[in-house]
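Chains as they are written, first to last, in our numbering: chain Y, 1 to 304; chain P, 1001 to 1650.
Any given hint might turn out to be false.
[Claimed, not checked] Label pairs and their in silico Cβ distance ranges:
hint : chain 1 : residue 1 : chain 2 : residue 2 : range
1    : Y       : Lys127    : P       : Val1507   : 55 to 63 Å
2    : Y       : Glu181    : P       : Tyr1493   : 58 to 66 Å
3    : Y       : Gln159    : P       : Pro1220   : 25 to 33 Å
4    : P       : Thr1287   : Y       : Glu261    : 39 to 47 Å
5    : P       : Thr1287   : Y       : Lys214    : 49 to 57 Å
It should be emphasised that the hints constitute simulated quantities derived from the structure, not laboratory data.
The beta-carbon is built from N, C-alpha and C at its ideal position, and this holds for glycine as well.
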Amino acid sequence: MDIQNYSLNNLRELEAESIHVIREVAASFEKPVMLYSIGKDSSVMVRLAEKAFYPGKVPFPLMHIDTTWKFREMVEFRDRYAAENGWELIVEINHEGLAAGIGPFTHGSKVHTDVMKTQALLKALDKHRFDAAFGGARRDEEKSRAKERIFSFRDRFHQWDPKNQRPELWDIYNTKVHKGESIRVFPLSNWTELDIWQYIRLENIPIVPLYFAKERPIVEHEGTLIMVDDDRMPAHIAQKATMRKVRFRTLGCYPLTGAVESDADNIEKIVEEMMTTTKSERTTRVIDFDQEGSMEQKKREGYF
Amino acid sequence: MKQASSTQHPAPGSISSFLDQDQQKDLLRFLTAGSVDDGKSTLIGKLLFDSKKIYEDQLMALERDSKRIGHAGDETDYALLLDGLQAEREQGITIDVAYRYFSTNKRKFIIADTPGHEQYTRNMVTGASTANLAIILVDARKGVITQTRRHTFLVSLLGIRHIVLAVNKMDLVDYSEEVFEKICDDYKKFVTRLSLPDIYFIPLSALKGDNVVELSDKMPWYRGKSLLHYLETVHVSSDRNFDDFRFPVQIVLRPDLDFRGFSGKVASGIVRKGEKLMALPSRKSSTVTRIIGPDGDMDYAFPPQSITLTLADEIDLSRGDMLVHPDNLPRVERQFEAMLVWMDEKLMDPFTQFFIKQANNVTRAHIDQIRYRVDVNTLEQSETNALALNEIGRVVITSAKPLLFDPYHRNRSTGAFILIDPITHNTSAVGMIIDKVNPSDMPSRLVDPESKRLIEQGKSLIGKQELEKRYRQRGATLWITGLHGSGKNLLAYTLEKQLFDAGATVVMVDGSTARSGLNRELDFSPAGRAEQMRRVAHVCRILNDQGIITICSFISPREQVRRQLAEIVGPERFHLIYMDAGLDYCRSNKPELYELADKGQLHFLPGVDEPYEVPENPALSLKPENMAESVAKVMEFLGEMKVFPISSSQ
């Protein structure tokens, strides 16, 4: 017997692990949901879910928390992907926040993100009584995530307690929760950014075109390149826009997502750029500059 | 030959071939163990740094942090890159498992970084559970210390086959070969007591970078590989068990009537299309028609692939069942011995009915016995009644339903389990199965015709008539059924006293006496109840055979189960007494359990969330309100049935 025939390459091993995690949730929880951010990691997670239940249908819906400030191309992509691939799609908006006129330009990134993203997510989870929610977070994204479990317990108030995490051994996941408590599940925990790009390339997974370099209307605001995506951007800022060839390394609310100047218009070029770049992906998210350990703070409050 | 230093840097234009090549790399998961002072974080930081994983902006943030809380003087503190959470950063220690990722031209790596403090055995065990290899750090100035032994023991307990003993801070002992050799010798002496097949010794200095990525010219006497080079080349894929095919069904896919697939992860062994498989526990066989992987149909599958199997025949198979080769079966047992690591702040309570999760099965389990506790520092064994946080012991466990397992040393997937606290739902303990205790002697069915026949073969030397003459009674069982709070126990105790006073020889059994010992591992589920009564009925049978009258007081809600009890005891001497009390009476008589059940905090309470079937044909039907009258009726009945008293002439 040739042992070489029985070894998996790293990508296939990660894929097998993620599918195992996704199936475990479907088998153990009453009402799971997959949180869909429309980003590249979400796209990979969604594809893994499709594979996990092939030739059957995925037994849980996708949910997108729409802050109403996402790039228009993201929303188009979301609706088209869900429709073409037979997904049940739930879109939740914090209508109270919307009525109060909360937005990044008027209230700043911190308030906007808290109300329209974190609070909206918590409300939506309560409303649908989901007992398990998949997220596309990876451990290598950010320091505080390195210690996150794959199955991460949240109390009735959706709080994460980093000092009191359940031990997680082998591939035996503790899925027991009381009513009202829930588990956040991160099937991509062990994937790196390069793994994600590799998999998108290998599997031909569709992603939002914003990831690829193109001429776009850009303003430079406090050192960050922001795209003018609609007329809600205050005119005195928007009028400074010039066409620049940029792409986005992460996607979110357009006023809060910095672009990078780039010529990378295909995956190979993106990877090449990534391998030689000097910035990690989260630095293009404006919201991270608020305070040291800000991601950990957000996680404690219930953000992914 | 230039070795190591194989960090990623694709030549421009060759990105596609770089990606193709990168994709084919395999993955090595390793654990690092060592104390704060051994320079563990510095070593990991160095590995990450040199593999270009640390991006410039993270370094800039690092410089900012170092000025405020850095511990490394003027040098860059690599440890700050690793310690994520704020509180930990301020204490300057890592207190949990953190996972790190890096890659070289040859391999991808996942590091489980775990702390070395005694109180965090829990975290080290967690990190070790998914690792193929462990790097154990030793300070060259201190040599093999208690902590080194502890780490090594835990690594061997979790079944890691490859160890690197990294003797760090060689720069502080003048790169002395003698010091290094002494430490290696000490370590070799210690590990003879453990089963560790592959140990590699490397002298290095994480701070100076000696023998970490490149071989150092400071230690020309060292002829081995640098740490990174070793990590890139160590052969680990054959560590997997390819011999014993085990496929624990994780989920059944049934999208339409034409397709029925069994999905899960191949725990071990290899499965091929067209092979005959056996389903456990049903022992039904069928043939593999399709193997569907993430990339479509395959001819064979191996661990750790996540696949879906279809079979030629419609056999009943659900989550937790297992597909295996018919000539290579796992253990199917309810009792086994295991090494248990206690992970909970809460002290082990030996009376808890834990949930056990093993190979996709979740059932109840009970710790029967702690054979001994192991001191992780000295490996000495001692007696104990309960394990506390971070303690390790060898235990005997009984589960409510049979588990399908292999010894952990042979199969890390089917030999591992976790225990979950039934109230807090915390993961209280994790275990590695050593083996079954002895051949199963506990039939899982309520009535086992075979054992019934065997019992009937046993013949006492004392004749039935001699017994009746001595006791002035005939062995019989009074089985009292009724809702919780219906007055069963009051009747039972009053009867026992009255019969005793009248000269009868009586044994009384009720739920709490039976559960305190005989049935202590059973729960209150319908299956647990049935098993409890099955055992009690067998006890009654033995006692009745020897002329003793038994009084049993159990809710016994199911008609079918009561009939089986009569079969076990013998229908002619089994007398069913029904306490006919309404639910309202019972609730007001004993409200506590009903209130808990109403709130959903207690399950399977007959009359609330579990049916109580009124007996169709009881020997007696009594009302609880007038106990004296009821007792008199039973006494009269016993006389009529010639159970007690009987005259010696009979």
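Q) Can you name, in rising order, the numbers of the hints this structure does not satisfy? A) 2, 3 and 4
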